[in-house]
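Undergrad: Same order as they appear, the protein sequences are chains A and B.
Here this note's numbering is used: the first residue of the first sequence is 1, the next is one more, and so on.
Here this note's numbering is used: the first residue of the second sequence is 1, the next is one more, and so on.
To be clear, the hints were calculated from the coordinates, so they are not data collected in a lab.
Check before you lean on any hint, since a few could be wrong.
As the list claims (entries may be wrong) - Just a few of them, taken from the derived set where beta-carbon distance is under 10 Å, the chain B residues facing chain A:
1) 8
2) 10
3) 13
4) 68
5) 72
6) 80
7) 103
8) 113
Stated by the list, open to error - Within a straight-line C-alpha distance of at most 35 Å, the following computed DSBU-like cross-link-like pairs (lysine-lysine) qualify:
9) B:79 <-> A:187
10) A:163 <-> A:247
11) A:247 <-> B:7
12) A:163 <-> B:79
13) B:7 <-> A:163
14) B:79 <-> A:247
15) A:163 <-> A:243
16) B:79 <-> B:7
17) A:187 <-> A:163
Just so we're clear, the structure is a prediction, and the values are computed from it rather than from any experiment.
Note that beta-carbon positions come from the ideal geometry of N, C-alpha and C, so glycine has one too.
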Amino acid sequence: MRDVCIVGMAETAVGRLEGSTSIGLQAEASRLALADAGLPTAAVDAVYNLDPYTQAMSMFAQSLLEYMGLTPTLAATIDAGGTVTPMTMILNAIAAIGQGYAEVALCTFGENALTGRPKGVHGLPQGPSLGQEEFEEPFGCIGMVIPYALAARRHMHHYGTTKEQLGAVAVSARGHAALNPRAQMRKPLTMADYLAARPIADPFGLLDCSVMSDGAGAVVLTTVERARDLATTPVRVLGFGGKATHKNVNQMPDLRALGLRPAGEMALGRAGIGIGDADFCCVHDAFTISTILGVEALGLCADGEGGAYAAGGRLDLGGPCPVNPHGGLLSHAHIGGMNHLCEAVRQLRHEAEPARQVPDARVGVVSGNGGVFSLCGVMVLARGL
Amino acid sequence: MTSEYGKPLPRPTAATAPFWDGCRAGVLRLPWCRACGRPHFFPRTLCPHCLGPELEWRDAAGRGRVWSHSTVRLSFWGKAFDDSLPYVVAIVELEEGVRMLSNIVGCPPEAVAIGTPVTVVFDAVTPEITLPRFTVSR
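Whole structure, please, built from the sequences with the hints as guidance.
TA: Right under this line is the structure:
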């Protein structure tokens with residue numbers, strides 16, 4: 001196996017991008033990431049992407065390579081869900097390059113989820129979803145907000161987690177986004193604002209939910225050998241761990257049996273580090289409860305203490321291990337978690353704005369899930385070769 | 001097809017029709033595996049515990065407890081749920097040990113808590129489809 005690393009990363013603008021298309025956004029992020037890496041388009045021989053959630057399409061990797069004029073050896077559309085999708089793209093890239101089937105791999109996701117979604121639809125539709133349409137939707141459990149609200153309610157019941165503690169997650173994310181000129185939601189957010197937000201599905205109000213976004217991100221990988229001749233600071237994948245338990249919320253196990261913890265343990269074990277060695281974490285925060293469960297599962301705090309951890313300011317920049325220094329899905333943008341990977345690369349390359357750069361960041365942990373904590377994944381990334 | 005009912009409806013398959021037929025007849029039924037002797041839900045073509053393909057339907061007690069719940073205050077399906085707001089989505093753990101997602105009806109949302117005992121009630125939303133919902137047990 002040849003050693004592989006991330007040598008290119010780019011994001012498009014995010015937010016309301018009128019007239020944008022999902023494929024155009026993916027192509028733009030890909031173009032920028034290749035330029036960032038200093039690699040010619042013709043060098044790409046593996047392409048991994050995901051079709052838009054808001055408009056499911058088949059063989060979208062082929063659509064992208066055709067759009068960009070690429071003629072790779074390998075191309076695949078990967079739908080693992082949420083942040084685990086880009087992680088799985090990266091794992092495929094590492095395998096393909098490591099085994100010599102490819103030299104340069106492009107991994108991208110983006111869509112016009114804000115301006116391109118069907119009218120009258122609230123939040124992110126699940127799309128064709130075996131199980132949900134027959135045993136959830138007829139009862140009015142539609143989309144992702146209600147399933148996560150059901151998970152949050154269990155956390156509140158078991159551990160006494162409060163609405164204000166959920167709010168601390170939203171306020172922290174917004175505080176980071178306010179320092180990030182790329183973020184979609186930069187207006188300062190107070191706890192009073194949070195508590196006054198429109199109720200959606202108890203215990204969630206509008207500000208417990210991530211934003212809807214247009215935008216895209218991309219990363220480029222190649223061999224460590226080739227990376228030595230490139231200008232960017234390489235970022236290595238030290239380890240990955242994953243665990244799937246179910247798909248829809250009606251089959252979700254109890255909170256302590258979710259895949260977040262085994263995924264984290266596997267990833268940290270594979271990397272040979274402890275969570276105390278992480279300089280920052282990017283935790284998939286589709287909803288405020290996600291961050292609380294995420295920091296608990298990673299071992300940043302004990303089970304049930306995630307709410308107090310957030311309320312104590314421990315997520316914040318300047319804290320022991322800043323979480324989502326870009327503002328996360330809650331306030332930066334929700335592009336399927338692609339930006340969590342992009343932000344980790346940016347922090348490890350020390351290219352974030354000074355106000356939000358984690359000092360001397362060398363190890364970053366990305367934790368996420370697809371669905372309703374359905375497939376969980378954790379990836380450990382490190383600066384340099 | 002019905003013309004008035006605008007909310008999403010289940011489309012029963014061969015594997016799930018006995019469940020929906022039961023609901024229409026006012027009986028909550030669960031599939032049980034003949035190989036491992038365990039029930040499961042949702043209904044499917046094989047047992048998710050042991051992959052046994054031989055299943056049989058048994059009447060359930062129709063009683064359970066609220067496993068989690070959320071009071072929904074926004075229609076996520078166009079305006080179709082506007083006339084139901086607010087409504088309670090809940091996951092109910094049945095006495096048989098399986099969980100199903102449904103609604104808690106017939107009480108104010110504040111009366112619903114995790115652990116609340118509930119009993120099935122049947123709501124014939126169309127001539128073809130009856131949805132099993134739950135009400136707080138007396």
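Undergrad: All hints, please: hold or fail.
TA: Taking the hints in turn, this is what the structure says about them:
1. Of the supplied interface hints, the one on residue 8 (chain B) holds, with its beta-carbon coming within about 4 Å of a beta-carbon of chain A, less than 10 Å.
2. The closest approach between the C-beta of residue 10 (chain B) and any C-beta of chain A is roughly 4 Å, which is under the 10 Å cut-off, so the hint is satisfied.
3. Proximity of residue 13 (chain B) to chain A holds as hinted, the smallest CB-CB distance being about 8 Å (cut-off 10 Å).
4. The beta carbon of residue 68 (chain B) is positioned within 10 Å of a beta carbon in chain A (closest approach about 4 Å), and the interface hint is therefore held.
5. Restraint check, residue 72 (chain B) versus chain A: the minimum CB separation of about 5 Å is within 10 Å; hint holds.
6. Look at residue 80 (chain B): its Cβ gets to within about 9 Å of chain A, closer than 10 Å, so that hint holds up.
7. Annotation: residue 103 (chain B) was flagged as interfacial toward chain A, and the flag holds, the nearest CB pair being 5 Å apart, inside 10 Å.
8. Hint on residue 113 (chain B) holds. Least Cβ distance to chain A is approximately 8 Å, under the 10 Å limit.
9. Restraint check: the Cα-Cα separation between residue 79 (chain B) and residue 187 (chain A) comes to about 30 Å, which is no more than 35 Å; the hinted pair holds.
10. The straight-line distance between the Cα atoms of residue 163 (chain A) and residue 247 (chain A) is roughly 26 Å, inside the 35 Å bound, and the hint therefore holds.
11. The hinted pair formed by residue 247 (chain A) and residue 7 (chain B) meets the criterion: a straight-line CA distance of about 23 Å does not exceed 35 Å.
12. Of the pairs offered as hints, the one joining residue 163 (chain A) and residue 79 (chain B) holds, with about 28 Å between alpha carbons and a cut-off of 35 Å not exceeded.
13. Proposed proximity of residue 7 (chain B) and residue 163 (chain A) is supported: the alpha carbons are some 31 Å apart, at most 35 Å.
14. Note on residue 79 (chain B) and residue 247 (chain A): the hinted pairing holds, with a Cα-Cα distance of about 27 Å set against a maximum of 35 Å.
15. Under the criterion of a C-alpha separation no larger than 35 Å, the hint pairing residue 163 (chain A) with residue 243 (chain A) is consistent with the structure, at around 29 Å.
16. A C-alpha spacing of about 9 Å is found between residue 79 (chain B) and residue 7 (chain B), which places the hinted pair at or below 35 Å, so the restraint holds.
17. Restraint check: the Cα-Cα separation between residue 187 (chain A) and residue 163 (chain A) comes to about 21 Å, which is no more than 35 Å; the hinted pair holds.
Violated hints: none; the structure is consistent with every hint.
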